[in-house]
Amino acid sequence: MASANGYLREKIRWRALELVFWPATLLPFVVTPDYLSLASQIAITALFALSLDLILGYAGIVSLGHAAYFGTGAYTAGLLAKHYWSEPLAGLLVAGVAAGLVGYATSHIIVRFRHLALIMLTLGIGLLLAEAANSASWLTGGADGLQGIRMSPLLDFKFDLYGKTAYAYSLAVLFLCFLLARRVIHSPFGLALRGIRENAARMPAIGAPSRAHLRKAYTIAAVMAGIAGALLTHTTSTVSLETLSFERSADVLVILILGGAGRLYGGIVGAIIYMVARDQFSGMNPQYWYFWIGLLLITVVMLLPNGILGGLGALYKKSQ
Amino acid sequence: MLGSLAGVLFDGLAYGMLLFLLSVGLSVTLGMMNFVNLAHCSFAMVGGYVSVSLMNRFGWPFLATLPMAFLAAASVSVLLERGLYRRLYRASDLDQCLLTIGIVFVSIAAYAWLYGTEQQAVEGFPPYLRGSLQFMGINLAAYRLFLVLCGFLVTAILVASLEYTRFGAKVRAAVDNQRMARGLGIDVDRTFMLTFALGGGLAGLGGSLAIEMVGLDPGFALAYLVYVLIVVSVGGLGSIGGSFAAAIVLGISDMAGKYYVPWLGAFLIYLVMVGLLMWRPQGLFGKR
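The listed protein sequences derive, respectively, from chains R and B.
All the letters of the first sequence, read from the start, carry residue numbers 1 to 320 under our numbering.
All the letters of the second sequence, read from the start, carry residue numbers 1 to 288 under our numbering.
These are calculated hints, taken from the structure and not from any lab test.
Beta carbons: idealized from backbone N, C-alpha and C, even for Gly.
A couple of the hints might just be wrong.
As the list claims (entries may be wrong) - Label pairs and their calculated CB-CB ranges: (1) R:Arg183 - B:Leu9: 56 to 66 angstroms; (2) R:Leu295 - B:Leu9: 38 to 48 angstroms; (3) B:Tyr260 - R:His83: 29 to 39 angstroms; (4) B:Arg82 - R:Ser282: 31 to 41 angstroms; (5) B:Trp113 - R:Pro33: 44 to 54 angstroms; (6) B:Asn56 - R:Phe29: 18 to 28 angstroms; (7) R:Met284 - B:Tyr115: 43 to 53 angstroms.
All chains, please: the whole structure from these sequences, using the hints.
And the structure:
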């Protein structure tokens, strides 16, 4: 009768494809050394999408304002590095804690609402923080962004022009956070989250307090988003208002949906495709870039309800 | 001081009326059909650009372009409803959000391609709407008076047609209980299509009325989306009176904020919205 434990143990087993994927993330060092800064951007975006996946894909909280936590992390890391302490690892921790605090505070609001009110509240909180950062230009630099951040070397490695350190750093943090997310998802807590997503009213009846669980998940996601924001600050040495903007919230949503929400690798696959495509079409006017993103969104919603990974999974099942 | 206060109140009222005209269509579609249509302001943009083109290229008078803006936006929304929206009536909020955000992105790019990204300059705007009158020492811009008038007119027509006509009764029946309405022989699909056309058309009308006051460029679809959503969600889904009240409160507080505490920017508005939604998640006048 070890069925429940057995089920979880079966789920957490490493798949062959995963064991191929993670070593393959080291390839850019050798194959495309000129694109390492792009690769580090991809890793950061993937981490951000992974954090959204925890609340949207697994816990069913639709958020149009997830950039709030990303930006909080980015600004915390930036301010810390500029004024007090330029060592990155400590900055990462502090930024995660700051974003987590904001996330924990707002989670009390978020978990009480569903549907339109929830969408509007996440949107509103995101806009509120963006406006606050814009108004407090004495602290954040306003529309010019936070300039003049100088990072100390990470351990003994300087942040170089080619992004070697940046990519290694982002990739390592992404991998650690991924391990954490993987552990959370395949724990009884993760199963309870999926139960709440399907039916929030019934889960308390079998002993899973819906709101407390959602608050925990939301806080974890906020910490991860904050860490992603801090990574961006450390690797680019600037923070702009864009880190808090609605566009960033919408982009990460698009990335996650494109890859497939509710799948651990959805955000990562989405981030790779999205960022590489944007880099390839970078000569294009951003207005037109959004035309294709819009078209892609419409197509994904109408034809591929579970994203690219969901579509591939269905194909694979059919072929068997 | 008192004069400026009255001026701010009047400007806020006119701005609120504009927001109401922009959002009342969404109140109809989102409130009645429960479809999270984030592309509402794209319909408004359709109306706005139709007005601009008719005036600038064909020399139509402004007032004559208003019905055309309504019709154009209504037909675009019918096309989209038939093609895309209808399949997602029962889908999750998330899918509806994503589809409509996609439409917003596409519409912004399409108008940027067709008309360029700059603000549209309107030629031949009627002089009688450009002037202003003095009333008890307050300067009342004619166009703002006209907006207030339009707001009241649209409210009256909408309330009358949804509350007292056969069509209104059908819509309400179809919304409250689709199966029962079908059983009574109401063509629910057609009713929904017409409701959607009405909502889209009203957006188009709002869009073309907005040109003179806030300008028109392809960013319009996103810039005013937040305001429109605030009006509808704070006012309460499906409540036209609620949207009316919420739009006026929003318009006046936005104007007053810009006038008296400009450094706060839009912060105040978002704070009020979050506070109100936490207090009454169904909106001020929401029923469900």
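Status of each hint after checking the structure:
1. Distance hint check: the CB atoms of Arg183 (chain R) and Leu9 (chain B) are about 58 angstroms apart, consistent with the given range 56 to 66 angstroms.
2. Checked against the given bound of 38 to 48 angstroms, the beta carbons of Leu295 (chain R) and Leu9 (chain B), roughly 45 angstroms apart, stay inside it.
3. Taking 29 to 39 angstroms as the suggested C-beta distance range, the pair Tyr260 (chain B) and His83 (chain R) conforms, at roughly 33 angstroms.
4. For Arg82 (chain B) and Ser282 (chain R), the hinted distance range of 31 to 41 angstroms is satisfied, since their beta carbons lie about 37 angstroms from each other.
5. Between Trp113 (chain B) and Pro33 (chain R) the beta carbons are some 37 angstroms apart, a value that contradicts the proposed interval 44 to 54 angstroms.
6. For the pair Asn56 (chain B) and Phe29 (chain R), the beta carbons lie near 56 angstroms from each other, so the given range of 18 to 28 angstroms is not met.
7. For the pair Met284 (chain R) and Tyr115 (chain B), the beta carbons lie near 19 angstroms from each other, so the given range of 43 to 53 angstroms is not met.
Violated hints, listed in ascending order, are 5, 6 and 7; each of the other numbered hints is respected by the structure.
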